[in-house]
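2 protein chains.
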Amino acid sequence: MPKPVDFWFDFASTYAYLAAAHLEEAAAARGIETRWRPILLGPIFALHGWDTSPFVVYPLKGRYMWRDVERRAAKLGRPFRRPDANDPREFPQHTVLAARMALIALDGPYGKEFCRRVFFAEFEEGRDISDPAVLSAIARGAGLPADLADKATTPDNKARLRAQVEAAKELGIFGAPSFTVGEELFWGEDRIDDALEWALDEQAC
Amino acid sequence: MPKPVDFWFDFASTYAYLAAAHLEEAAAARGIETRWRPILLGPIFALHGWDTSPFVVYPLKGRYMWRDVERRAAKLGRPFRRPDANDPREFPQHTVLAARMALIALDGPYGKEFCRRVFFAEFEEGRDISDPAVLSAIARGAGLPADLADKATTPDNKARLRAQVEAAKELGIFGAPSFTVGEELFWGEDRIDDALEWALDEQAC
Chain A
1 MPKPVDFWFD FASTYAYLAA AHLEEAAAAR GIETRWRPIL LGPIFALHGW
51 DTSPFVVYPL KGRYMWRDVE RRAAKLGRPF RRPDANDPRE FPQHTVLAAR
101 MALIALDGPY GKEFCRRVFF AEFEEGRDIS DPAVLSAIAR GAGLPADLAD
151 KATTPDNKAR LRAQVEAAKE LGIFGAPSFT VGEELFWGED RIDDALEWAL
201 DEQAC
Chain B
1 MPKPVDFWFD FASTYAYLAA AHLEEAAAAR GIETRWRPIL LGPIFALHGW
51 DTSPFVVYPL KGRYMWRDVE RRAAKLGRPF RRPDANDPRE FPQHTVLAAR
101 MALIALDGPY GKEFCRRVFF AEFEEGRDIS DPAVLSAIAR GAGLPADLAD
151 KATTPDNKAR LRAQVEAAKE LGIFGAPSFT VGEELFWGED RIDDALEWAL
201 DEQAC
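Protein sequence lines, in the order shown, are assigned to chains A and B. Quick note: the first sequence uses full-length UniProt numbering, first residue 1, plus one each step. Quick note: the second sequence uses full-length UniProt numbering, first residue 1, plus one each step.
Bound conformation, chain A alone (with noise of 0.2 Å):
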């Protein structure tokens, strides 16, 4: 067997949603297992001394970025709708509720599907998915109980997401989307392909 492949996302990063987007086709084509890890980029861009993310803090690559994931999505075929990056209600979203919904979510089947979901209508449907409304909409719509964000909210789920924080930041792990293979870490959704080949050659070793 390869090893799996971990996937650590926040929902407001854009390169993240194009990964979720097409990561699982890829990594199934291959026979790997991914292993989805939502995290929140906000303690993780503290330590750089950001207090937003990056494609605000500098604006020549945040007006680089956008053009990049719109051209990207439009190769995955994603209807990709580009947020207003001046309005801080669209841009960065604040997605610890989706994050803390996700990580129980993950326990079961439908995970993956409401990470998706939770990204496309953040990203093509330019829904809040600060809004609890919203995500338990998304959450019902992809099978999962409707007391899911009352779960989410619980002490130790707080403190589950949090660990998970922590995890990240022992791994090095400095933006999202990033790949682990056991220790090896790969950042960006341009290298999930390499991701994906450490761990069929992790096999052969």
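Be aware that a few hints might be false.
For chains that are exact copies, the list does not tell them apart, and a pair is met inside one copy or across any two.
Claimed, not checked - Below, simulated DSS-like cross-link-like pairs (lysine-lysine); rule was C-alpha separation at most 30 Å, straight line: (1) Lys169 x Lys3; (2) Lys158 x Lys61; (3) Lys61 x Lys169; (4) Lys151 x Lys169; (5) Lys151 x Lys112; (6) Lys61 x Lys75; (7) Lys3 x Lys75; (8) Lys3 x Lys112; (9) Lys3 x Lys61; (10) Lys169 x Lys112; (11) Lys169 x Lys158.
Just so you know, these hints were derived from the structure itself, not from any lab.
Fit chain B to the known structure of chain A by using the hints.
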């Protein structure tokens, strides 16, 4: 004819080194002309408030970058040698003379070979490419005239390099390697295929 692809680089950039190693082959396979455009990242990074490489400013990104470049060089079959990133003489190197020499060399048929040899000397042999003697030896080896370094430091040529950096800024370039097809910008060694495909698609329009 497909549109040409412009390749913007600073000799201090590790990912530009990787791009220089395989861009020509990828472009030639698609019948695309490349135009190599040496620049200096210093004045561009200054726009972000950085006085050195972002891989020095952000150590977590730096640590990842060295590992990532090592892996990608191995894929390309290149004998990358990691410099001492804590020694400012080793990384990032001072590249102004190399860029000025490349600017002239690229007017003729040996320019790209000169550039590749500079990158390989720096990132595979650990040479100091700020040293005029090292650069002159590389130039001779690439078939260029012995007085290239002298010609490179004329006021006219210095102004030419400054103008090229300004042109890069006007295109929205914020790092290297960057690739442009007309005004369409692609950033990163991992966007070579995207840029080449764009050049081919432009032809069809």
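Within a copy, between copies, both or neither: where do Lys3 and Lys75 come within 30 Å Cα-Cα? both (28 Å within a copy, 20 Å between copies)
Up to 30 Å between alpha-carbons, please classify Lys3 paired with Lys61: within, between, both or neither. between (34 Å within a copy, 25 Å between copies)
Is the C-alpha distance from Lys151 to Lys169 at most 30 Å within one copy, between copies, in both cases, or in neither? within (25 Å within a copy, 50 Å between copies)
For Lys151 vs Lys112, is the C-alpha pair at or below 30 Å within one copy, between two copies, both, or neither? Only inside one copy: Lys151 and Lys112 sit 18 Å apart there, 60 Å across copies, limit 30 Å.
Identical-chain pair category, Lys169 with Lys3, by Cα at 30 Å: Within one copy only: 21 Å inside a chain, 43 Å across chains, cut-off 30 Å.
Regarding Lys61 and Lys75, is the shortest C-alpha distance of 30 Å or less found within a copy, between copies, in both, or in neither? both (21 Å within a copy, 28 Å between copies)
Between copies, within a copy, both or neither: which fits Lys169 and Lys158 at Cα up to 30 Å? within (17 Å within a copy, 44 Å between copies)
Could you figure out if Lys61 and Lys169 sit no more than 30 Å apart (CA to CA) within one copy, between two copies, both or neither? both (24 Å within a copy, 12 Å between copies)
Can you give me the call for Lys169 and Lys112, within, between, both or neither, at a CA distance of at most 30 Å? within (23 Å within a copy, 41 Å between copies)
Intra- versus inter-subunit Cα pairing at 30 Å for Lys3 with Lys112: within (19 Å within a copy, 41 Å between copies)
Within, between, both or neither: Lys158, Lys61 at alpha-carbon 30 Å: between (32 Å within a copy, 28 Å between copies)
The structure agrees with every numbered hint stated previously.
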